[in-house]
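Peer 1: Sequence:
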Amino acid sequence: MFARSNDLRAAWTFRPRLSMRGILDRLVALDALYRQRRTLASLDDRMLRDIGVTRAEVDEEIKRPLRF
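Count along the sequence shown from 1, then add 1; that gives the number in the working numbering.
It is worth saying that the hints were derived from the structure and are not from the lab. Glycine included, C-beta positions come from ideal geometry on N, C-alpha and C. Just so you know, not all the hints are guaranteed correct.
What the hints assert, rightly or not - Distance windows between CB atoms, simulated:
| id | residue 1 | residue 2 | range |
| --- | --- | --- | --- |
| 1 | 34 | 55 | 18 to 24 Å |
| 2 | 25 | 51 | 34 to 40 Å |
| 3 | 58 | 21 | 17 to 23 Å |
Starting from the given sequences, assemble the full structure and let the hints guide the process.
Peer 2: Written as structure tokens, this is what we have:
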């Protein structure tokens, strides 16, 4: 019983999920995704057809949240 309570306590201790480097890398990736979506939104319908994407697909992608 004692060993089990120690296991539970260890399971609930705080452990950061990301290091500062990991957080910075993720922020850089989110910025890149934001810029890509903005660029995609600026393309006209002819350009979208060239890459095989519809305006509806672009609108759907732009509405998706950026997740950390």
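Peer 1: Please flag the earlier hints that this structure goes against, numbers listed from lowest up.
Peer 2: 3
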